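Protein chains in written order, with the working numbering: chain U, 1 to 284; chain B, 1 to 439; chain P, 1 to 181.
FYI, nobody ran anything at the bench for these hints, they're computed from the structure.
Since we're looking at a predicted model, the values are computed, not measured.
Note that beta-carbon positions come from the ideal geometry of N, C-alpha and C, so glycine has one too.
Among the hints, a few may not be true.
[As the list claims (entries may be wrong)] Every beta carbon over 12 Å from chain B, so not counted as near; a handful from chain U, in silico: (1) P95; (2) G182; (3) W279.
[As the list claims (entries may be wrong)] Computed spacing ranges between beta-carbons, pair by pair: (4) U:I262 - P:I27: 17 to 23 Å; (5) B:Q8 - U:A259: 27 to 33 Å; (6) B:L196 - P:K158: 53 to 59 Å.
The primary structure of each chain is shown beneath.
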Amino acid sequence: MLRKLSVIAAVAGLMAAFAAAPALAAGHPLEPEKIHWSFNGPFGKFDQAQLQRGYKVYREVCSACHSMKLVSFRNLGDKGGPFYNEKYPNSNDNPWVKAIAKEFEVGDIDSETGDAIKRPATSADRFPSPFPNEAAARASNGGAFPPDMSLLAKARTGGPDYIHAIVTGYKNPPAGLKVGPGQHYNPYMPGDLAAYWSGDHAHVPPGGFIAMAPPLTEGGVTYDDGTKATVDQQARDVSAFLMWAAEPKLEERKQTGFAVMIYLILFAGLLYASYRKVWKNESH
Amino acid sequence: MSGHSTYQPKTGFERWLDARLPIVRLGYDSFVDYPTPRNLNYWWTFGGILSLCLASQLITGIILVMHYTPSADHAFASVEHIMRDVNYGWLIRYMHANGASMFFIAVYVHMLRGLYYGSYKAPREVLWILGCVIYLLMMATAFMGYVLPWGQMSFHGAVVITNLFGALPIVGPSITTWLWGGFAVDNATLNRFFSLHYLLPFMIAGVVILHIWALHVVGQNNPTGVEPKSKADTLPFTPYATVKDGFAMSVFLILFATFVFYLPNALGHADNYVEANPLVTPSHIVPEWYFLPFYAILRAVPDKLMGVLAMFGAIACLFALPWLDTSKVRSMRYRPTAKLYFIIFVVACCILGLCGAKLPDDPVLGHFKTFTLGDADLNSFVWLSRFASLYYFAFFLVILPVLGLVEKTLPVPDSIASPALSHPAAAPAEATAAPEMKG
Amino acid sequence: MADTAVGAKTESGSDPSRRDFIYIAAITAAAGGAAALAWPFIDQMNPSADTLALASTEFDLTKVADGQQVTLKWRGKPLFVRNRTSAEIQKAVADDGASMKDPQKDADRVKPGKAQWLVLIGSCTHLGCVPTFGGGDYGGWFCPCHGSHYDTSGRIRKGPAPLNLAVPEYEFLSDTKVKIG
Chain U
1 MLRKLSVIAA VAGLMAAFAA APALAAGHPL EPEKIHWSFN GPFGKFDQAQ LQRGYKVYRE
61 VCSACHSMKL VSFRNLGDKG GPFYNEKYPN SNDNPWVKAI AKEFEVGDID SETGDAIKRP
121 ATSADRFPSP FPNEAAARAS NGGAFPPDMS LLAKARTGGP DYIHAIVTGY KNPPAGLKVG
181 PGQHYNPYMP GDLAAYWSGD HAHVPPGGFI AMAPPLTEGG VTYDDGTKAT VDQQARDVSA
241 FLMWAAEPKL EERKQTGFAV MIYLILFAGL LYASYRKVWK NESH
Chain B
1 MSGHSTYQPK TGFERWLDAR LPIVRLGYDS FVDYPTPRNL NYWWTFGGIL SLCLASQLIT
61 GIILVMHYTP SADHAFASVE HIMRDVNYGW LIRYMHANGA SMFFIAVYVH MLRGLYYGSY
121 KAPREVLWIL GCVIYLLMMA TAFMGYVLPW GQMSFHGAVV ITNLFGALPI VGPSITTWLW
181 GGFAVDNATL NRFFSLHYLL PFMIAGVVIL HIWALHVVGQ NNPTGVEPKS KADTLPFTPY
241 ATVKDGFAMS VFLILFATFV FYLPNALGHA DNYVEANPLV TPSHIVPEWY FLPFYAILRA
301 VPDKLMGVLA MFGAIACLFA LPWLDTSKVR SMRYRPTAKL YFIIFVVACC ILGLCGAKLP
361 DDPVLGHFKT FTLGDADLNS FVWLSRFASL YYFAFFLVIL PVLGLVEKTL PVPDSIASPA
421 LSHPAAAPAE ATAAPEMKG
Chain P
1 MADTAVGAKT ESGSDPSRRD FIYIAAITAA AGGAAALAWP FIDQMNPSAD TLALASTEFD
61 LTKVADGQQV TLKWRGKPLF VRNRTSAEIQ KAVADDGASM KDPQKDADRV KPGKAQWLVL
121 IGSCTHLGCV PTFGGGDYGG WFCPCHGSHY DTSGRIRKGP APLNLAVPEY EFLSDTKVKI
181 G
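Let the hints inform the model, and build the full structure from the sequences given.
Structure below.
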């Protein structure tokens, strides 16, 4: 009897899932394209070359406005990271990491004079933010606050698919949509455009306004590995990099998970066999 | 705790200890020799699974506190410190966050099992009420725990829930200010929630001990709802129940591990990876999935105070259940009509959960023209949640009291042992696990 | 779980060796799983990655004048970087042959050719207090807590401390820069 109940509960769950799909009517943003990331699936891993390219896009394009304050330089050389090298298990010794850190200046206090000074970053430092605080960031960006990128790929529904869709998805605003100064129309951006739309009210364009101008340009960065720097390629690379930045332990997690699953399945099998043995001569 | 003890100290030390502190005897009588109805099915394994969940949450929680900083300025970063820098911190935090969901999955199964098999009926009323107390404490603990990462959902969830108390007449505003320790959710609120989030699980553990004590006084219910009459009806807890519980736990752990290792954020909300900002509310604020049915009931009522009362009333119904159900027959296995209403109740709870996750004014069936009644759009989640809430309360307050007086029940077996042997059709789900017994 | 096997003995019928094997395997798997799970719970108390990242530090020696000492914080403990005068060095070398609790030559406590630079962990080897320079009977450090006397090489000469002041792992990156740790 209870088996029937579970079937009913499962059906109710499925109905819930289906009911969710058509709810995206006019006014909602477009669904981001699902990209086949190397880190998808139970055995997914980051593609190190892609992470290095993505880091370059972050460094040359994003980091002008977006902070990444939870990530340290040493993380770049951690296992699974863009500049990991087996020769340097301690990422603090990794020469690429050291070289990257040196390019940045971080604030510090001079231990003798007590003055605020700038010094070259070390691998233990975190990525310095482009603006000292939120107010300064807003003042330099027309009132909009460029979000911190450390967790961006986990802080947005759709994750890296969403980031890829946003940076490649800018469209010319449809006629009848009033776009304010410093605003850009993006069909993947959450928002409600009804107030800015002078056309048919049943067909409000999908998406919303975003203050960021289209950040990527064809060939805007030059990849060291010779990959052609199309906008789509850059978007994929930086999205993958941001996924790594948000979840640097992803590979370790999935690999541990595999071992745990094998163990648990064997363990459950042994317990089931024990259960059958114990109950062999008992009716129930 | 019930009946005489059959514990025989074997060694000299055991005899010595038994004369001074009979703790081994207590353990033996409670978990080894304890007579268990022989027909318990897998739905009865969730008590053990829940103990596992509580232990897991306590251990991982105590560890997280070693690295967490309860301060509005540092809480968010300290959680990320756990995720990025602490050895295996990601594992421990994901176990704790998903463990809460697992805990609620198990407790809902455990409660529905009690509801279906009438485990709340005399003489088990106190046992049931202690369970309801545990459930309330769990909800309070889970809510305060969700505030601690200090993300956007943590913060604004705390704002919404604490504002519920503002609905109470006269004392409402004073209570909210008292809860906050200020004029809004802030550092003081975070710190007290942290303190209580640490305290409450130990209170849960205490009530769990009372719950098990009460269980061992009245004995376990079983799928037939007939009390064990002779030794033939029961089996010793160990090894029969322990090995079955152990197997069920290992299967449950597979589910748990799937979430921890492959879907660690599937049950959470993306907005909680954005640090709390009192100036901006996320566009779509929802509680964790396990609160969604109650959240839907809250939103189903257009009046603020009545909505809050309805939500608390939904929980109060559970406490009153032993006296609301008038049926003489315990198990719904022999109550075909009640079974039907029970199934609808489970579906109504699922629908309420769905409604809680949706925007109230969104259409339920997007492809259909809307049905209107006056100026009300019936094809909306708020109306769906109204119908489902109505059924929720009707089930407890009308159906169960009336049905017990008027329904036609099936014949109830004389004892546990007789139908299990003579009537295979009545055997519970796990009968398939032992097909050789059927012949 | 241990009682599973006990209860099973009352059973009759199936082959006992196979039955026992399953119970033993299940119990072993449970114990192994618990042990494997215990490791993350224990290891989380070890220093975290950000703590380890700060475990090595670079220091510019030009900040320390002749005969002076700078105290830095390294791994949460004080670290003495002393620019020794030739008198101090001579005194330390002259005492190399004296009877000591923890005999060590002065030359073994500094880097070759850099005898003027003495780098020490400023934590008394007795119970961890911070010794002060210039006190005691040997012209070196003196620990105020329980009266341990160290000489100008940081060697224990008198008092309860069992060992010389520890020299951390360090290396000269250039003539004026050391990396400690």
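Problem - Those earlier numbered hints the structure runs against, lowest number first - result: 3, 5
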